[in-house]
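Make a model of the complete structure from these sequences and hints.
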Amino acid sequence: MAIMPKNRKIGTLVLVVLLGLIMGAYLNQFIGMLLPEGNVIRTLFTSSIKFGVGDFVSNKPVLIDLAAIRLQLGFQFEFSLLSAIGIFLSLYFFRWYD
Numbered sequence: 001m002a003i004m005p006k007n008r009k010i011g012t013l014v015l016v017v018l019l020g021l022i023m024g025a026y027l028n029q030f031i032g033m034l035l036p037e038g039n040v041i042r043t044l045f046t047s048s049i050k051f052g053v054g055d056f057v058s059n060k061p062v063l064i065d066l067a068a069i070r071l072q073l074g075f076q077f078e079f080s081l082l083s084a085i086g087i088f089l090s091l092y093f094f095r096w097y098d
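At position 59 of the sequence shown the residue is numbered 59 (the working numbering), and the sequence of numbers has no breaks.
Keep in mind the hints are simulated off the structure, nothing from the lab. Note that the structure is a prediction, hence the values are computed from the model and not measured. Here a beta-carbon is modelled for each residue, glycine too, at the ideal position from N, C-alpha and C. The reader is advised that the hints may include incorrect statements.
[Said to hold, decoys possible] Per label pair, the in silico range of CB-to-CB distance:
#, residue 1, residue 2, range
1, G74, L13, 35 to 43 angstroms
2, F93, S48, 20 to 28 angstroms
3, D65, L91, 39 to 47 angstroms
4, L35, L71, 23 to 31 angstroms
5, I69, I49, 42 to 50 angstroms
Shown next, in the form of structure tokens:
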């Protein structure tokens, strides 16, 4: 495992990974629009795993009621093969960032 140089911040690394994830998600939607339904390649690239906090099918976030403070939390990640490729590409280009 490589050790990051001291001049690079963890926040920058997290930002680069999130940008790669978003870039992969856009590529996922683009490939989904280009290829026809039922195509094996489309299924390979556009199938994804969804995970997160909250119920996004019925739009019900997690409710935390502490009497004085009431919080609603919810987020979801959708991870696909193109998202992984986007993360790896962004990390590859991050090597040359100063």
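Now for the hints, and whether the structure bears them out:
no.	hint	result
1	G74 x L13: 35 to 43 angstroms	25 angstroms, violated
2	F93 x S48: 20 to 28 angstroms	23 angstroms, holds
3	D65 x L91: 39 to 47 angstroms	40 angstroms, holds
4	L35 x L71: 23 to 31 angstroms	41 angstroms, violated
5	I69 x I49: 42 to 50 angstroms	33 angstroms, violated
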